[in-house]
Every structure is written in C-alpha cells, then in structure tokens.
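Listed below are the residues making up each chain.
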Amino acid sequence: MNTLLNNLDLFTTGFRNTLILFVVSGIFALILGTIVATLRVSPIPAMRGAATLYINVVRNTPLTLVLFFFALGYPKLGLVEIDFMTAAIIGLSLYTATYVAEAVRSGINTVPVGQAEAARAIGLPFTQTLTLVVLPQAFRAVIPPMFSVFIALLKNTTVAAGFSVLEAGAIRSNLSERGEPAMAGLLWVALVFVLLVFILSFVQRKLEKKWKVAR
Amino acid sequence: MTSVLFDSPGPKARTRYRILGVVTALVIIAIVGFIVLRFAESGQFDAKKWRLFTFPLVQQTIVQSVGATLSAFATAAILSLALGILLAFGRLSDRRWISLPCYGFTEFFRAIPLLILMMIFYYGLPPLGVQGITPFTAVVAGLVLYNGSVLAEVFRAGIESLPRGQSEAGYAIGLRKSAVMTNILLPQAIRSMLPVIISQLVVILKDTALGFIVTYNEILFQAKYFGSQAQYGSPIIPSAIIAGVLYVGMCLILAGIAKWLESRMRRSPKVAKVAKSDIVAVEG
Chain A
1 MNTLLNNLDL
11 FTTGFRNTLI
21 LFVVSGIFAL
31 ILGTIVATLR
41 VSPIPAMRGA
51 ATLYINVVRN
61 TPLTLVLFFF
71 ALGYPKLGLV
81 EIDFMTAAII
91 GLSLYTATYV
101 AEAVRSGINT
111 VPVGQAEAAR
121 AIGLPFTQTL
131 TLVVLPQAFR
141 AVIPPMFSVF
151 IALLKNTTVA
161 AGFSVLEAGA
171 IRSNLSERGE
181 PAMAGLLWVA
191 LVFVLLVFIL
201 SFVQRKLEKK
211 WKVAR
Chain B
1 MTSVLFDSPG
11 PKARTRYRIL
21 GVVTALVIIA
31 IVGFIVLRFA
41 ESGQFDAKKW
51 RLFTFPLVQQ
61 TIVQSVGATL
71 SAFATAAILS
81 LALGILLAFG
91 RLSDRRWISL
101 PCYGFTEFFR
111 AIPLLILMMI
121 FYYGLPPLGV
131 QGITPFTAVV
141 AGLVLYNGSV
151 LAEVFRAGIE
161 SLPRGQSEAG
171 YAIGLRKSAV
181 MTNILLPQAI
191 RSMLPVIISQ
201 LVVILKDTAL
211 GFIVTYNEIL
221 FQAKYFGSQA
231 QYGSPIIPSA
241 IIAGVLYVGM
251 CLILAGIAKW
261 LESRMRRSPK
271 VAKVAKSDIV
281 AVEG
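If you read the protein sequences in the order shown, they are chains A and B. Using UniProt numbering, read the first sequence as starting at 1 and increasing by one per residue. Using UniProt numbering, read the second sequence as starting at 1 and increasing by one per residue.
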C-alpha cells in the first residue's frame, strides 16, 4: 500500500497517459477501421484489394514493431517532427484499426441478407445501403468482439512504455529509480488494469442489453 | 464476386466503378510512392546503410535471433496449449472448488497486459529471491499464462458448442466424466476450434516481440542493436524493414496453415458445426 500512496503522482500521470492513449487511438481506430471495412466490401476491386492488403500486412506485424518504426524509424525520415506520445497514438490506431475492420466486417456478415436486398429493391446505392441500413445493424451485433478489440487496445497501450512514453507500463522503471520494490509497483499496475478491464466488460454487457437486436 | 450489398453494375455504373478504381489505384500509388521517395531522399536505400547486413557474422546473428524468437514461440505454444486444456477441464468441472479458481485464474490473467506479466517475472521476482529468471523464462512464462487463459476459453467454447448427444452417448456406454472429456469431447472440440487455435498461435508468435522490452535477444532486439551502429550510418529503418519482412513472413506461413486446415475441415463431415457466434473473439 505504501508503494502506491508514496508514489501516487507517478501512478496518476502514468494511468492518465494510458487513458489518453486508449481513448484517442480508440476513436481513430474506430473511424479508420470502419472506413477500411467499408472499402473491403465495396464493389470496386481496387478498393477491396487495398483494404485486404493493409489488413493482412498490419495484422501479421507485431505491435512492438509498428511502434518501433514510428518511434525510432520515423524521426530519421526528416518529416514533421512528432513526440513519442503522438507516435504511439499513430501506431496504436493503425494497428487496432485492422482488428476493428475485421470485427465490423464480421458484423456486416451477420445482418440478414433480406435487409440489404430490401434496401437495393427500393433503389438505394451501395453507400446508402451500407450506411443507412446495414452498418447500424452491424454495429449492434458486433459489440462483444468490438469490446474485446478495445480491451486488447487498453492492454496494448503498455507496449508504448518501451518507446519512451510515460504511461502505466513505464511506472516500474520510474519506481525503481526511487528505490521502491519492483514487485509491489507492478502488482498495483496489474490490479488497476484488472479493474479497468472489468469496467469495460461491464459497459459491454450494459450496451449489449440496451442495443440488443430484436429478431 | 457477387455481394448482397450492391446490384450488378449496368453500363453507367461500370464506367463509374472503373474511374473510381483508377482513382483508388492512383491514391495508393501516391501514398506508397511518397513513402518510398521519403526513404530514398533521406538515404535509407544507400548502400552504406545496408552494408552492415552483408557481413556473414551479422547474417548469422539475425538467423540466431530468428531461432530465439521461434524457440520462445514453440515453448510457449506447447505449454499454453497444455495449460489451456487443463484450465478448460477445470472450468467445466462439477466441483465448485475446482471450477471457481480456474474461472478466477483465466479472468485474471486475461485482464493483465502481457508486458506487465513479463515484467513481473523479469523485474519483480529476482529481488524477492527467486533464482534463475532469464529473459527467456520471463517471456515464455508471460506468454503461457496469458495465452493459456485465452486458449482455455477457446477450448471451453468448443466443448460447450458440441451437440449434447455426444456426451450423453458417452455416459450411456458407461464412460466416466474424465473419459467422456478426453476421449469424446476434446478431440471434437479441438477439430472444430482449430482455426481459432491457430490464429491464437499467430498471436503468440507476434507477442514474442514484446521480449524486446525485457531484453530478450530476439529479432527486434537485434534490429535495434544493428540500427544503432553509428559507423554504418545508424540503419534503423533498414533493420526495421528486415524485421518486418521476417515477422510478416512467419505469420503468413502460420496463417496459411490455418487457412489450409480450415478449408480441409470444411470438407470433412465429421466436424460438428460450430455456430459462429459461439466462438469467442480472440484478440492480441
């Protein structure tokens, strides 16, 4: 308990940065992932191909390597300078977007065929069929897998600690500079994560109940 | 390809699709071209930056680091499959004093970030007097605890999705619960869950890269070491490219095996049909 109370400043900044990483990259990943999923089911082969390539390459790359590239490789390219936090947000968003895209696509597949057929029958083009009829239903069906994507994102934010972002994963090294026992600090970090994950799964169950598709 | 989402295109739509297709291709070429141009302009393709990787000793080290990644992957994969089966049986046990701890175990270890688990082993245990923790054991222990818990849920979902007649028939011919589990339910569950199990193995392979942060001598760790060699122009981007190609290649091979198995299984009538919604989403 003392380890936590004496270093509350470290823990609060650490977890604040973790939450910032989580929320910001979550929003970007949701937007980008939905766009990529739309491209993947679009009638234009070039768009489908591009989206599939992006998903296959990024899904098969470790997140650590993605962050490695943005944190250590990117500054060498002489483009606009970004700090480590932004680099981590870009990496996490690009990585998580592929999982969001796959979740959304599986959701699109669960929407009964009749829905899209009815939309086409009244003359809606592809974009309207998707955005007005299919996607709103797909998002409801996809809440459980989407939440496991976000829980994974929350846990993945710790990887950014390896690339100079002061967040929850970096609390240990800062604690050891102050001479605190590593184990106690790590266990507190683990406990907070367990708590955060439980909160997320609680929200998931609430949303599932609220948005249940009546069929 | 036919899709329920759009009508088969008429003459007007076909031209529109063609134009949009060309525009997409141009945009992609522009993005890729910009990246390649940027790489070239900042000298990432200079022979000087790649010279380091022409030395036999360096190539040997890279092969060794691939070996380190693969050995951590293989050890963790086998152990987490075993742990997963054990925990799944535990959770399905009729005795609450077995099933409850197993439930707690899986939920707890699935909620902790893998990196924190590895750190607990690597930085947390030695000061408490635990001897012999190497980066390898820390990486493998973290991977096994996390993926074992995830796989336990996969096995459980597989067993529970089997038709009830399977276990009832087993009991009817006088088998005990343990025999029903190991001889009847588990083989079928493994067959029907094989695609999910293999995609979890891909996750294990990818997560070995976290060993980089707890100083395990694997691909990414070597990549960073080579990338910081100043006398060769700090080739961090070339070494990131090499690491990326290695990882994507290894993962694609595993994913290819998964796809091949899936198509093989779909033809087999023996596999019980698992409802897609029963399969828990597995994420890395």
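For the record, the hints were derived by calculation from the structure and aren't laboratory data. Keep in mind that the hints are not guaranteed to be accurate.
Stated by the list, open to error - Taking lysine-lysine and the DSS-like style, the derived pairs with C-alpha atoms no more than 25 Å apart in a straight line are:
| hint | chain 1 | residue 1 | chain 2 | residue 2 |
| --- | --- | --- | --- | --- |
| 1 | A | Lys76 | B | Lys224 |
| 2 | B | Lys259 | A | Lys76 |
| 3 | B | Lys48 | B | Lys224 |
Computed from a prediction, not measured in an experiment: that's the story for all the values here.
Structure-based check of all given hints:
no.: 1; hint: A/Lys76 / B/Lys224; result: 14 Å, holds
no.: 2; hint: B/Lys259 / A/Lys76; result: 38 Å, violated
no.: 3; hint: B/Lys48 / B/Lys224; result: 17 Å, holds
Checked against the numbered hints listed earlier, the structure breaks hint 2 alone; every other hint is satisfied.
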